[in-house]
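The whole structure should be built from the sequences, with the hints applied where relevant.
Residue numbers for the sequence shown, in the numbering used here: 50 to 792.
These are computed hints drawn from the structure, not numbers from a lab. Mixed in with the good hints there might be a few duds.
[Unchecked claim] With a Cα cut of at most 20 Å, we get these calculated SDA-like pairs of lysine to any residue: (1) Lys207 <-> Ser240; (2) Lys333 <-> Leu323; (3) Lys346 <-> Thr454; (4) Lys158 <-> Ser368; (5) Lys521 <-> Leu323; (6) Lys572 <-> Glu602; (7) Lys80 <-> Leu167; (8) Lys698 <-> Tyr711; (9) Lys709 <-> Glu602; (10) Lys624 <-> Gln650; (11) Lys698 <-> Tyr786; (12) Lys571 <-> Asp611; (13) Lys714 <-> Glu683; (14) Lys646 <-> Ser555.
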Amino acid sequence: MSDAVEVDAKKENEWYKQRGIKEARLIKAFKAVPRDVFTAATPATEGSEASQSQSLPPAEVVAKLVSALKLKANHKVLEIGTDSGYIAAILSHLADQIYTIERRLPVAKLAQGRLAGLERGNVDVLHGTRLTEYVLNAPYDAILLSAVAPRVPEKLQKRLSIGGRLVVPIAQTGKNPEIMCITRTAEDSFSEESLGQLRFTALLGHILVEMGVADSEDIELAAMEADANGKRLGQTLVDSARIKESDLVRALAIQRGFKLAEVGELVDMADHELAFSVPRAFLKHHRVLPIRLDGKKLIVATVDPDAPAIELARILDASAVEIYITTNADFERLWTTLLEGRRPLQLHEDNLKVRVENKFEAMLRAAVRVQARAIHLETTSARTGVRFRLERELREVSEVSFDGTEMAFLLEYLKINARLDVEEQRVPQRGRFSWARDTTTFHIGLQTLPSILGDQIVLNILASGDEPATLKSLGFADDLVDEMRVILQLGTGLVLIVGPAQVGKSTTLYAMLHEIAQDRTKKVALIEDDVLYPIPGVHQALVQPDRGFGFSEALREFARCDVDVIAISQISDAKTAMQAIEAAHKGLLVIATLQGKSAVQVLAGLRDLGVPADVLAGALTAVLTQRLAPRICEVCRTPAKPDPKFIDKIFPRGEPVGFKAYVGKGCAHCNKRGTHGRAAIVEWLPVSDAMRHAIATNRSAEELRLSALDSGVTTLAQWAVRMTREGIIPVDELDAYLPVKHQ
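See below:
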């Protein structure tokens, strides 16, 4: 061995020892596992597997967890949380057999490929249908939870052999995670020991001290400030002028294995057209720039050590990433040079942003034209297809699809506009945004659903146009609208809108509030868990239960704020129901939606929740029960002769005098379906004195129904017959409401 190599080896060993890694076996294992293998992106053909972060836990963190296991060469080990596969690779050099569990299928496959490339044949990655195999391979000499857990999992303790050790970092509020070690001392006996805290920020501090740009006292003070302010340690050091930003960048390069270069060098090596292939919103949000593609390796520049560089690689069909870390000032110079200094010589139609926006707008307008209530964007391995929700079924839209690059742009754009976490692909997210084009504004609800192929998207079209819907525009008959206005103009009492899910209760609530808000002498407030779209003249408040501001808290506060009308998007518990009723008793008009099949069922349900019958009766002024049915296309509507057997079935007492039926033949306007949009079938029940007495005296559900009929209510079935006779809904929709027991 040459003197230079020997000196380098000594320096390397000293580097490990400074980080508390002193055991020779452990140092040897670290040296045998190249970190860069676990920071490379996956090939773009593998889809969402490329979304893995390139960051690995610091060496001292891994060492502390692994050392706590006290592994021997013949041990069998279980790891929970494979992630990149890096820790499993370290373990494979210290024990005989490693089983590692990863629930995220793309992540598991990526780790499996990396481990296979290193020829770690003693590591078995359990995923998919094999997740439960860890039970069959028990007992284990050691079990490691690689991620922070809220508590010690008792089930895993029983998978230990006698003398086996379970090591798990436990989350602590306001503190670093605590390492807990549980040892199985006998069949039903376990001992527990704390091994101290994990300090994930220690490595960066050590590097800065070693560089001579900060001392230990600076690091400790900055760490406390960072914890208190919720900031990163490095940024806190820069903000407090303890270190220069350039020193932080150098330290991050050492810590993460990033590269450094002058702006001029990056500009010289840059492909000036490449940045225009990526959504600008993505680059701006993440503060990252693609510099050049060398074969399948993407070179990027960023100010953020945790920027999703591998997601950028997936967009550009790269399989590896080389990261240059820069200061903010250098990044701004680079941004200006590459993106602001010139434009690529391409036609607008070839520009990704323009192309995707045009497709998206065309898709929205097509959905509105056929009155679809939702758009489903469903990703397969080859493309993202589109389906519209029309009435009760999904219809394929073959004219519109997005390729991988287009969908990546669209997904980022939608998430940013809906204020969602653009990096989160593991849990569902929900948001809303508005899309304005020319004189039209679309209000859209966005729901993301994770899958092994990435996020699947559902767009709910909440409204189009600048004005909210009115009761008349929703299709309510003129005489019914007049009756509803009488109740709403009373200015006091409780009005309930009831029905199953997805029947337009919220849309009707918004229309009622829009009517009321025309009277500028009224203060109107709406409390909701998801704002569909803004209503002029209405104070709309979003509940945040995780911050202690739920429906009941919001209702209590608004009742104190001199409002005239309070609306609640949904009553789902007894506390909110009681506060709504109390507000109505105090002279406010309260309008709320409730999920249930009928007015009678909802009234009985409120009593079951513990709402006193007499209190409910005193507050209630009206109940609107609602359903939706397909609306016959007005362009191709024509009289129809229903099957006599069907008529006999729905009208067992004989067909009503003057009954007529219609059907849509199918035309270009309705896309050959015969129906276009939906119509509301309703039961409007103003609470009469007799009905109020029946509620107050705790009558049965059947007695309440009879009392409602006696008061002259027009039932759902009667409305359905009327709408069929008037040619609004198809005759076969009557099957859901008839035969009628009380005609």
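Cross-check of the supplied hints:
1. Lys207 <-> Ser240: 13 Å, holds
2. Lys333 <-> Leu323: The hint holds at about 15 Å.
3. Lys346 <-> Thr454: Holds, because 17 Å separates the two Cα atoms, which is no more than 20 Å.
4. Lys158 <-> Ser368: Roughly 15 Å between the alpha carbons, so the hint for lysine 158 and serine 368 holds.
5. Lys521 <-> Leu323: Outside the cut-off at roughly 52 Å; violated.
6. Lys572 <-> Glu602: 19 Å, holds
7. Lys80 <-> Leu167: 13 Å, holds
8. Lys698 <-> Tyr711: 18 Å, holds
9. Lys709 <-> Glu602: 51 Å, violated
10. Lys624 <-> Gln650: Holds, because 19 Å separates the two Cα atoms, which is no more than 20 Å.
11. Lys698 <-> Tyr786: With a Cα-Cα distance of about 12 Å, the restraint between lysine 698 and tyrosine 786 holds, given a limit of 20 Å.
12. Lys571 <-> Asp611: 10 Å, holds
13. Lys714 <-> Glu683: 10 Å, holds
14. Lys646 <-> Ser555: 16 Å, holds
Consistency with the previously given hints fails for numbers 5, 9, ordered from lowest to highest.
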